[in-house]
Amino acid sequence: MTQHTRPEPLTMFDKIWMRHRVLEREDGQVLLYVDRHFIHDGTAPAFEMLRKRGAAPRAPERIFATPDHYAPTDTRQSAEIANAEYRGMVESLERNAAEFGIRHFGLQDGQQGIVHVIGPETGLSQPGMLLVCGDSHTSTHGALGALAFGIGMTEVAHVLATQCLWQRRPRNMRITVEGALGFGVTAKDVILHIIATIGTAGATGCVIEYAGSAIRGLSMEGRLTLCNMSIEAGARAGMVAPDEKTFAYLAEKQYAPKGAEWDAALARWRALPSDPGAQFDHEVMIDAASIAPMVTWGNSPQDALPADGVIPDPMHQDDPARRQAMEDCFAYMGLSAGMPVTELRLDRVFIGSCTNGRIEDLRAAAAIAKDGKVAAGVMAWVVPGSAPVKRQAEAEGLDAIFKEAGFEWREAGCSMCLGTNGEIGRPGQRIASTSNRNFRGRQGAGGRTHLMSPAMAAAAALAGHIVDIRRVQGAA
Amino acid sequence: MEPFISLKSNAVPLVQDNIDTDQIIPARFLARPRDDDHGINFFRDLRFDANGQEIPEFPLNRPNWRDARIILGGRNFACGSSRENAVWALHGWGARAVIAPSFGDIFAINAVKNGVLPIMLSADAVSALMAATIADPEAVIAIDFPEQTVTAPDGTVHRFEIDPFAKRSLLEGLDELAFTMTHEEDIAAFERRFGRDNF
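Just so you know, the protein sequences line up as chains R and U, in that order. If you count the first sequence from 1, position 401 lands on 401 in our numbering, and the numbers rise without skipping. If you count the second sequence from 1, position 79 lands on 555 in our numbering, and the numbers rise without skipping.
Simulated from the structure, these hints should not be mistaken for laboratory data. Quick caveat: nothing in here was measured; it's all calculated off a predicted structure. Using N, Cα and C, we set each Cβ at its ideal position, and we do this for glycine too.
Simulated restraints on C-beta separations:
id	chain 1	residue 1	chain 2	residue 2	range
1	U	Ser-598	R	Gly-397	57 to 63 Å
2	U	Gly-570	R	Ala-264	53 to 59 Å
3	U	Gly-528	R	Trp-262	56 to 62 Å
4	U	Phe-655	R	Gly-397	52 to 58 Å
Selected chain U positions facing chain R (in silico; Cβ < 7 Å):
id	residue
5	Asp-498
6	Ala-503
7	Arg-510
8	Ile-582
9	Asn-586
Please take these sequences and the hints and turn them into a complete structure.
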């Protein structure tokens, strides 16, 4: 190691990484200590792995559980889940949590929700923390200035047993979005624009720090949406430096530090942002004014275009393999080259998910829904991201607006984002969705997903086809 | 975990870029227990039609490729969801190695923990292997893991990189959790130092 007379400027990532370093292995992988381990109702195999070796969770007080993937959104009674496999997943989480003394936000708890919604909302996710969860959208929690990795099931078992995770040091990427966002442009549009720009593998092996005036201007919930989809650009994690907005968001939250501990935490958190002159392995600059409200057309989140755009032409692809892949995608999605995306007629609309299931998302959707009725032949769902989001929306009368307009108002869970609980579209159905992935079959075999923001999805529900929110009267 | 030493096999080409883990195993099969045969659901909706009939054109269904133990993938193979079931399905189907220009990060991590070797070669090298395999479905690719080489059917040798620890784990079938447990004292010392100040 070279000795430096002055400390090197560090990135926020560097600071969190170094603080959690337990030891380093011969191959350079580092054993990191995990502050918070979130587990959901897909975690049963990890507990089985633990049992097989007679191990138990090392630090149950650092583990928090909630059912979301298999949670039904039409009932809060696990006994009423018709599918025995799904019911088994929800019940096994409850059993495992009880056996090992893990705090479990169950279906009837009042704090249940999608794990990436309730982490921030309870104040469990905090700046400077190292968080993991067996779900790729764990990157969400980075919005608070935390380092949050999605991990596999064997790794979940490893973290349960040791409270530690081996990681190869990722590269640092900074994506700077400068300027003012245009009319109708939300955090969802920013991240879809970024993914369309750098590609779905554009940040593979990297941790992204989002920076710039447009990012600082986003609300905390907008930042959560942004960081959520970092994985869709291939990133290991996404983060935003904590600022006064972050601290105001966390103050008074249930699990946030209190009193003198809050003051101490605040002092630590204020030192987290990347130092001036800190070096990033990759830098991407984006002009906020160039970002339009976005819609995806294909089966990868990078297949995104402005809402006033037209479906691209495969004949413009030089690479024959890519041309063929695009033609296959067109056949699956029922598309033709040159077609305006606003001509795509819809069968279903899904507003919810860890990407866009928070209160601000529901407010934005309700602001559109209050002026109309869901188009004939469209089935539109609103699935709050958590039980507290649902209660808050009901206190504000948003549920009444949605129901009056013809939307179904459901209980909290992952629901149609990936359909693990059986809530899926039928083959051939075209779905406007505020979720994060438009993969083939993601929302049910044969389903055709178009990703967009909550206001765009609500407007699409009323129109019966995809719309450009900039052309909707009264849109915020 | 079963050790991985070396492998000689023909290989099945899946030429598309960005094949995601929802393709590799659809979400409706994720509630199945770990010990189930997940191989039957490997690429389920591309292998079988809605009536459960095989789709003959899909590469995994071609007679010559049914017994292949190597998969050739496009860029960003197995991106998306962290579902380890994607590796369990691939392993259950019979594959033991995937050669691609790049991988989804989480898949590559999950693979080595389940005895599956993810090999990154240049896009050109992978394209050449795919071309050779399409020309002759029985063409054999040889993976020498200790030497970290892939030998193409025409004799071209490609070297690949792998973390030394992942290599040792795969070669010896080593259990990472058991290894970490040998560092229990380090973890305990860290906990004493770290304390509760993140609560």
